[in-house]
Structures are given as C-alpha cells and as structure tokens.
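Below are the chains, spelled out letter by letter.
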Amino acid sequence: MKKLKSDKRRQSIISRQRLYSDIHFKEWKKKSRRLLISVPKKSRNVELERRRKKLKKEQLNKIFAPVNFSFNKNTNEVVEFIRKIEILYQNGKGVYVDLRLVEHIDYGSIVSLLSILIQFRRKRININGNFPEDKGCEKILRESGFIYNLFSNKRDDERYCIENGGHNSITTYGWKKVDTALSAKIINESSMTIWDDERRCQGVQRCIGELMLNTNNHARPGQKGALNWWLYVNHDAERKIVSFAFVDFGIGIFESLKNKPSDSKFFGWLEKVKNKILNMDNGKILKMIMSGEFHSTVTGKYYRGKGLPGIAEAFRRNQLSNLLIVSNNAVGDLAKDEYMVIDSSFNGTYIYWELNEENEYCI
Amino acid sequence: MKKMNTAYREFKVSKEFTPTPGPRFIDEGEFSGELLRKNYLLPLIGEAIKNGVKLKVDLDGTHGYLTSFLEEAFGGLIREDRISFHDLKKYLEIISTEEPYLKEDIDEYLQEAHDES
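Those protein sequences? They're chains F and Z, same order as listed. In this text, residue positions in the first sequence follow the working numbering: the first is 1, and each later residue adds one. In this text, residue positions in the second sequence follow the working numbering: the first is 1, and each later residue adds one.
Bear in mind the hints are in silico, worked out from the structure with no lab data behind them. Do not take every clue at face value.
[As the list claims (entries may be wrong)] Label pairs and their calculated CB-CB ranges: (1) D337/F <-> K90/Z: 42 to 48 Å; (2) D337/F <-> E16/Z: 41 to 47 Å; (3) P100/Z <-> E357/F: 19 to 25 Å; (4) D107/Z <-> R317/F: 18 to 24 Å; (5) K240/F <-> I95/Z: 31 to 37 Å; (6) N126/F <-> R82/Z: 53 to 59 Å; (7) E103/F <-> D107/Z: 52 to 58 Å; (8) Q223/F <-> P100/Z: 33 to 39 Å.
[As the list claims (entries may be wrong)] Some chain F residues well away from chain Z (every beta-carbon gap over 12 Å; in silico): (9) P40; (10) K42; (11) L88; (12) N130; (13) M192; (14) L257.
By construction, the Cβ of each residue, glycine as well, lies at the ideal position given by its N, Cα and C atoms.
Same shape as in the complex, but just chain F (with noise of 0.2 Å):
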C-alpha cells in the first residue's frame, strides 16, 4: 500500500515536471496549490493533459536577448531587443524571452525588461523566458527579485516596491505619480551606503522628482498619469557606489516635442530652431536639449536649469556621476560628453546615474 502512494506521488510530481519543464520564469510558483488544489483527484490526470495541450497551444515568440546585455554598454542591441518585445505586446502576441546566451548583464536592463514585461502581465498576454546560462548573470537577475516579483498581481495604480537585501542590494519602484517623500527615502539609504551617514542630496532629488514628473506629464500626450516609471537601485556596498537606472515607456523626448499642444512654450519649435539644426541629428539635439540651449533658442529665455536641463546641470555641479540619457534613437553619454544616434528606437527614455564619494552638496 505504501508503495503505490509513493509510485503515485512519484507519477505526480513526474507529471508536474514536464509540465513545467519549459516555465523557467514561473518556476517559483506554488506548483502544487496552482496545480490541482481545484480538481478532484481522480480528475487530476486529465487535467494535467488538459494543461499541458493548453500551452503548447500558447504561441510563444521567442526573442533572443543579446550575448552583451547591457544597456549602458550596448545601448544599441538592447534597444533592438526591447523594440521587439514592444512590437508584440503593440500586437497582442505572447512573448518568450531568451536569456541563454547572455554573457553580461546590467540593472538598466533588467528594469528595461521588468517594466515592458509587466505590462503584457497587465494586458493578461502570455509571457515566459529563461534565465543566462552564465553563471554569474543568472545570479544577478535572480537576485534582482525581477523573476519572481513579476509574477505578483498587482493592480494598474498600485506601488511596485521590490526590494532584495544582501550584500549588494536592489530595490525597484515603480509608480505613476511623483513622489518625493519616497526619493528622499532612497537617497537617505544610499547616502548610509555610502558616507555611513544619513543624508541630503538635493541634486539626486531634483533629478528623480523631474523624470517622475516627465513620465507624469509627457509619457503620453495629452494624459497625465498614464504611465509607469520605474527606478532601479543597486547599493554596491563594496565600492560604495549607488546605481540608479530610470525608464519611462512613454513615448520619448523626440515624439513628445513633435507632439506639444498650443499652448505649450515648446509648440512650434521646429519653425524657431530649424536655422540652427538644420543638419543635426537626434544626438546633437539631444545636447542642445541638455545644455539648455535648445530652451532658450526656442523660448528666448534663458533656461534656468528646468526638467532634463536640470538634471545635466545637477552633474556639472557633480551632485551625481556617470549620467547617461537614452530616448529615441539619441544617446547621450554626458560623462564622456558625447552624443550619437543608435539605429534602433527606444519608444520610452532610460536615465542612468552614479552617486558616489566624490560627489558633493550631499548634506
């Protein structure tokens, strides 16, 4: 008797196995509870076959994640890779991530792939992957909490809040409103990071308060709040450095200057600033925008260091370091003060930064 139960178990868990066994991103799940906690256990066989035939049916496209899976290293290839995963979820269609082959990671891109992923989770579109066969890059997005928190139900206008302690801690957020009160939290923990002290970064504020109110107010045209921003933030305790990587999939810096209501100050810039682009491509604009001097061309004021502006003017005073800004098809490395033009478009804008010891008006 006892061993039937034990053969039957064994069946059971053969069972869930190949049923699972192409689910790398939901293997977290409660398989069990999930599985068969509504059948009758007679039944439990059928449904079983029933399941699996389910999801074969699932047509799952299968995007390759490039071998360099960097955003801030190989902006270029990640867009790609992104830009096709939108395509999908524009069309409805299931998608199947493959990480394989992926030999170098950053946060940018997994906070790239969280927030598009997130959203075919919201339009209830299948989506399943797998995790780098490298060892060290499979560590990293385990342990970004990404996997397993993408799978959490959560409404359209709830916080996301991912946080993963350990050495190297990652924490997400993801809203759509601004929230100041929560960014003065996170630089009060990066700043223990690293001065072993609690305090005050008005540079790193202004900069994360300002993409949350571009998201807020530009992401989609004419609709305030639509939205989510996501920030990514990793304390490198070590080198006492703290990453932050900011993504908006809103429609990006470019689209949204084509698209300026009337009364906006920016509407109609193109007839005042045509004289001086003329030639010029998404990067050098990108740098105008930056310095400032694309706001004054076209407002005839001078820009006193508003929105994206702003922000290169927080790392000019070093308020925050390493700062690199991707929209459309621009990017801009102001650390290295250079500006160029990708071949695929990020339907969105990605801002990455540093702060570390060396910045200053920390108080």
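Given chain F, put chain Z in place with the hints provided.
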C-alpha cells in the same frame, strides 16, 4: 505659519510645509507648489503687503526642489493670483543658503510670469 513681532514674517518650508516638496500641481503628487501657494504663500504675502512687512521664505532644510514646484509656488502668485510683481519684489525675500542658485531661479520665474501676464 510663524508670526514675528519684528518687521518681517518668516516661513520655513521644511518645518511648516514639508521637508520633501513635490511636483507642480496637486493632482501630480503630494506637497505640490500649487498647494504651497494656495494654502501658505498667498495668505502670508497678502498679510505682509497689507501690514507693510516683509515675508521671508526660507528654502533651506528640505531634500531639494523641482523647478516646476518653485515656478508654480512663486511665479503662480503673479500668474494665477494676480499679486503685483512690484509688491513681490518689495515684500518677498527668499533665503536659500544650501542652494544659493534657487534665489536667482525664483527671480527669473517672477520676471517671466510678470512678462507673460
């Protein structure tokens, strides 16, 4: 709101409003510039003008300001509440030792609001 016996009134944002000033408008998040203007700055500056005393707004001690917060709080006094630019120049004083450039920024916002009104 702190009353002083001397010929000025002082308002410290970090103590009397919030240490974490927020966005421009109330619907964008908590502790907005619009809220500061409507609930604090407008009655205070009105009283200061009426009594012929200065209003000193101390910006120090907060976690930092968004530009649109400051523009709405101060520029909005001219644009929305029709306080005269000259009265503001006469009766409003900004204190900002931690971020000295904010004084210049606010002057610019007042000037812009005045030019556009």
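So, going through the hints one by one against the coordinates:
1. D337/F <-> K90/Z: 42 to 48 Å: 44 Å, holds
2. D337/F <-> E16/Z: 41 to 47 Å: Given about 42 Å between the Cβ atoms, the range holds.
3. P100/Z <-> E357/F: 19 to 25 Å: 24 Å, holds
4. D107/Z <-> R317/F: 18 to 24 Å: 19 Å, holds
5. K240/F <-> I95/Z: 31 to 37 Å: 33 Å, holds
6. N126/F <-> R82/Z: 53 to 59 Å: At roughly 57 Å between Cβ atoms, R82/Z and N126/F fall inside 53 to 59 Å, so the hint holds.
7. E103/F <-> D107/Z: 52 to 58 Å: 53 Å, holds
8. Q223/F <-> P100/Z: 33 to 39 Å: Given range 33 to 39 Å: holds, Cβ gap about 37 Å.
9. P40: 51 Å, holds
10. K42: Correct as stated: the minimum Cβ-Cβ distance to chain Z is 55 Å, above 12 Å.
11. L88: 32 Å, holds
12. N130: Check passes; 38 Å lies beyond 12 Å.
13. M192: Fine: 15 Å to the nearest Cβ keeps M192/F off the interface.
14. L257: 18 Å, holds
Checked against the numbered hints listed earlier, the structure breaks none of them; every hint is satisfied.
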